[in-house]
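S.K.: Work out the full structure: start from the sequences and follow the hints.
Same order as they appear, the protein sequences are chains A and B. For reference, each letter of the first sequence is one residue, going 0 to 576 in numbering that gives the first Met the number 0. For reference, each letter of the second sequence is one residue, going 0 to 363 in numbering that gives the first Met the number 0.
These are computed hints drawn from the structure, not numbers from a lab. C-beta: ideal position from N, C-alpha, C; glycine also. Treat the hints with caution; some may be incorrect.
Unchecked claim - A few chain A residues that face chain B, going by a derived Cβ cut-off under 10 Å, partial list only: (1) Met193; (2) Met374; (3) Leu491.
What the hints assert, rightly or not - Some but not every residue of chain B turned toward chain A, in silico, with C-beta under 8 Å: (4) Gln43; (5) Arg107; (6) Asn151; (7) Lys153; (8) Glu170; (9) Arg224; (10) Ala225; (11) Pro226; (12) Thr326; (13) Leu327; (14) Pro328; (15) Leu330; (16) Tyr332.
If you want the building blocks of each chain, they are given just below.
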Amino acid sequence: MLLSPVISEIEERFPDAVLSAELRFGDPWVFVKKQHLPGLLFFLRSAPTLRYDLLFDVTCIDYLPQLPRFVVLYHLVSTSNGSKLMLAVPVAEEDPVLPTATEVFRTADWLEREIYDQFGITFTGHKDLRRILNPDHWTVHPLRRDFPLGGEDVAFTHNQDTLRLQADTWTEPQREMNVQDYLGLTGEAKEGTMIINIGPQHPSTHGVLRVALQIEGETVLRAVPHIGYLHTGIEKSAEHLIYQQAVTVTDRLDYLAPLSNNLGYALAVEQLLQLDIPLRAQYVRVILAELTRIASHLVWLGTHAFELGAFSVIQYAFREREIILDIFEELSGVRMMTSFINIGGIRTDLTPEFGTRVRGFLALFPEKLAEYENMLTDNKIWIERTRGIGRISAEEALNLGVTGPVLRSTGVKFDVRRTFPYSGYERFEFDVPTGTSGDVYDRYLLRIEEMRQSLRIIEQALEGLPSGPFRTDNRKVTLPPREEMEAVMEQLIHHFLLVSRGFPVPEGEACSLVESPRGALGFLVSSDGSPRPRRMRVRAPSFVNLQALETMCKGGLVADVISIIAGLDPLMGEVDR
Amino acid sequence: MADMAQILNIVYTILIPVAVLFGFIMLNAAYLSYMERKTLAWMQSRMGPMMAGYHGILQPIADGVKLFFKEDIIPAKADKWVFIVAPLILLVMSLASFVVIPFGPPTRLFGILSPENAVPLWVTNLNIGVLYVLALASIGTYGVIMAGWASNNKYSLLGSFRSAAQMISYEIPMAFAIITVVLMAGSLNLTEIVNAQTGKWFIFTYVGPVVFFLYLVSGIAETNRAPFDLPEAESELVAGFFTEYTGMRFAMFFMAEYANMVVVALLISIMFFGGWLPLQIFPSVSWLGGMAPISWVNTAMRAVPPVLWLLAKVYFFIFCFIWIRATLPRLRYDQLMKFSWKILLPLSLVTLLATAFLKQAGLL
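M.R.: The following block contains the structure:
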């Protein structure tokens with residue numbers, strides 16, 4: 000249904016480009032030849048009937064024993080008519096070269112660098128194809144399936160001498176590059192400018208973000224972000240864990256909103272398993288995802304205000320966040336890394352206290368929000384520091400692949416909860432606030448309003464919370480109940496196998512989109528039929544949003560960079576993965 | 000015996016006042032940090048320091064001991080002598096300002112001393128006291144610039160540039176505000192300024208609130224405190240001009256900051272709020288001021304020693320500084336400049352003219 004018009008449009012224009020096409024879990028997947036790539040992407044973006052204006056993700060899957068070995072995926076999303084398209088390009092191991100998509104979508108810049116870094120596929124025409132997450136001197140590509148887990152050397156006291164000897168033999172460009180090249184500031188050395196390095200250890204970079212600033216006086220000429228300091232190989236780790244275990248590593252991505260990540264991952268795997276999630280679980284997931292959004296936004300609000308010098312707000316915001324964390328603790332025993340949403344539903348049923356506690360929070364929070372707004376919204380200095388700062392136009396934002404509150408601040412009404420509803424969001428009434436000017440002040444107002452809308456959603460979900468099971472009763476993924484296990488031998492064996500070996504997931508690829516507090520979070524799970532994923536791709540909103548930093552900072556002052564980083568709200572756990 | 004008398008004279012008029020003053024400032028610098036931390040904590044629903052002593056009362060001492068025993072690091076590429084001298088300049092200049100500040104009228108220690116032996120509560124009664132304080136504050140800026148330059152660190156350098164720009168911008172409206180006060184009082188002597196307010200505090204005159212506002216804003220900017228703490232904006236410039244300082248040198252910057260805060264609060268109290276003069280309800284409206292309950296209160300307030308009045312005012316304004324810090328975000332460097340040159344400076348000029356006019360017309 001969705002497939003045919005797209006295929007016919009493409010074939011009309013590029014007669015021999017399409018290799019095959021199919022629908023996978025509602026998403027059209029079109030396999031194309033790589034020769035047509037940039038032109039095809041341009042066509043898909045500009046054709047008036049298609050208008051895929053957002054290159055959501057570029058990633059790669061390594062199908063090791065199969066040929067061709069790699070498939071590079073271009074995940075396109077249309078914000079205007081709400082459709083998705085997966086453009087898949089097979090790439091052979093012998094010829095791992097693709098034309099770059101950066102000319103069409105600037106967002107491909109970092110995404111292609113990441114593929115180059117992790118899979119060793121090069122992109123011709125890419126202006127700055129350097130490693131992005133792994134160390135520059137590496138020669139290996141860790142996300143390839145034949146690269147072992149733990150294949151990189153980690154320095155310990157017992158092996159540091161050997162490692163140091165190895166380091167002496169590096170012939171990689173990093174050693175010869177001077178500082179400016181290394182910082183990505185090539186060819187721009189200008190008289191009267193100064194390079195200052197912010198981070199990775201800096202009070203206001205939200206973690207280990209490093210930004211190389213080229214400044215003239217206090218005016219920023221260039222701002223080049225450097226990431227990878229917190230790269231922990233979560234995508235690689237997930238390939239070596241059974242599906243249920245991988246939920247716990249998703250917690251560590253965006254550690255301020257772990258439940259959104261759990262939800263995204265669970266949705267993708269549930270598609271592969273074709274599970275029906277009971278309504279109660281869906282409602283609880285919505286409640287938790289919205290609570291986590293408020294908690295995450297509170298951290299954003301506090302740190303943002305703190306970085307601009309209003310340093311009381313952070314204490315107030317954390318005070319209220321504590322209430323939410325207490326609710327999580329009461330529910331799951333854990334404050335942050337709850338892993339509470341897992342495949343098949345939620346981990347345990349709600350505690351009797353949960354409803355009262357959440358209602359208590361709902362009653363309390365609007366008043367507290369007013370308190371924060373009282374301190375900031377009409378504050379002359381606050382407005383001066385944020386209005387007109389970090390401005391970005393809707394076209395630029397879409398071109399850079401920015402999502403979430405930052406995109407909505409430019410006036411584009413793209414919220415995954417509304418455009419591609421999941422987990423029953425279509426049942427709830429809420430507004431998607433948008434801004435007009437795309438500056439930091441708009442982002443501030445928007446996130447405040449989002450917290451209000453989250454309250455609305457939680458209220459509705461709590462009112463209409465249905466009774467019933469909190470997990471799917473599909474025994475393929477759900478543990479047998481205790482009584483049965485104690486009575487029936489087979490159930491005990493089944494329990495043992497589920498826990499120790501995991502459940503196999505049918506072969507295929509599924510992707511999910513959720514609206515995390517930072518933007519559109521995508522999970523792509525590829526299964527080879529075993530109990531461990533072949534690939535778990537995380538399209539982290541912070542990673543893509545951070546690319547917009549340079550565009551936003553250019554021409555501003557050093558003090559604005561701080562304001563802009565705070566308004567972007569990147570989370571390094573998610574950026575570096 | 001003449002020598003003995005001279006020595007005693009020096010001890011009485013210089014050594015003892017200086018020692019008392021120095022003790023006062025040091026105690027203030029230490030305990031203002033405690034006051035600041037506690038006040039901020041209460042405003043932010045926290046506890047503040049609680050571990051050292053009862054409710055953390057010994058925290059400043061613990062901090063002092065810690066800083067004293069910290070390793071003193073001078074960066075390898077720093078300009079060594081400038082690096083060492085910079086905090087001294089800043090600290091000495093802020094300490095020296097206290098010399099001319101009168102803490103009260105000459106005291107007879109509750110009638111123990113005869114009027115001719117009354118002890119003056121100042122080290123020196125300089126005729127150009129106001130000018131002296133202003134000059135020292137400007138020299139203090141050199142300490143900041145030297146610290147930033149000598150550290151050989153880009154953050155420090157940016158911090159000290161900002162500081163220099165800020166000082167230049169804010170000293171002008173500040174000077175005009177002070178000139179306005181001088182015009183009202185007819186003297187540059189701080190004691191005279193207080194005495195001129197016997198009938199009516201300057202804050203209650205027509206131009207008083209405006210001048211007070213001008214001086215308050217530029218005074219906060221002068222002390223580099225929020226919302227004008229750009230030179231040390233920690234979220235941008237780590238710690239600004241003293242990023243590279245450790246141990247006691249680091250502590251010197253802090254002492255200087257708190258001492259400056261006290262100076263500004265003292266000057267505000269002296270120039271606008273009648274210094275050590277007690278608060279009187281309707282002093283100029285005799286029929287109201289003479290009414291029974293009001294006059295009792297007035298008498299009671301007159302009974303409080305003048306020094307306490309001055310200190311009460313000073314700590315109130317210090318509390319206000321802390322309060323402002325807890326509330327307001329930080330301005331940006333160019334906005335700060337704009338605010339000074341486009342708003343404060345014209346305003347201060349207009350006020351000065353208005354004051355001159357009012358004075359001439361006898362309306363002050």
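S.K.: Look at each hint and say if it fits the structure.
M.R.: Quick rundown of the hints versus the structure:
A least Cβ separation of about 7 Å between Met193 (chain A) and chain B falls short of the 10 Å threshold, and the interface hint therefore holds. The interface hint given for Met374 (chain A) holds, since its Cβ lies 7 Å from the closest Cβ of chain B, which is under the 10 Å cut-off. Because the closest C-beta pair between Leu491 (chain A) and chain B is about 52 Å apart, greater than 10 Å, the hint is violated. Proximity of Gln43 (chain B) to chain A holds as hinted, the smallest CB-CB distance being about 4 Å (cut-off 8 Å).
Proximity of Arg107 (chain B) to chain A is violated relative to the hint, the smallest CB-CB distance being about 46 Å (cut-off 8 Å). Taken as an interface hint, Asn151 (chain B) does not check out: its beta carbon lies about 13 Å from the nearest beta carbon of chain A, beyond 8 Å. Interface hint at Lys153 (chain B): satisfied, since its Cβ lies 5 Å from the closest Cβ of chain A, which is below the 8 Å cut-off. Because the smallest distance between the Cβ of Glu170 (chain B) and any Cβ of chain A comes to about 21 Å, over 8 Å, the interface hint for this residue is violated.
Taking 8 Å as the C-beta cut-off, the interface hint given for Arg224 (chain B) is violated, the closest approach to chain A being about 11 Å. The beta carbon of Ala225 (chain B) is positioned within 8 Å of a beta carbon in chain A (closest approach about 6 Å), and the interface hint is therefore held. Evaluation of the Pro226 (chain B) hint against chain A yields a held restraint, the C-beta minimum of about 6 Å falling below 8 Å. Taken as an interface hint, Thr326 (chain B) checks out: its beta carbon lies about 7 Å from the nearest beta carbon of chain A, inside 8 Å.
Annotation: Leu327 (chain B) was flagged as interfacial toward chain A, and the flag holds, the nearest CB pair being 6 Å apart, inside 8 Å. With 8 Å as the threshold, the beta carbon of Pro328 (chain B) comes within range of chain A, its nearest partner Cβ sitting at about 4 Å, so the hint holds. Taking 8 Å as the C-beta cut-off, the interface hint given for Leu330 (chain B) holds, the closest approach to chain A being about 6 Å. Using the Cβ-Cβ criterion of 8 Å, the hint placing Tyr332 (chain B) at the interface with chain A is satisfied: the shortest such distance is roughly 6 Å.
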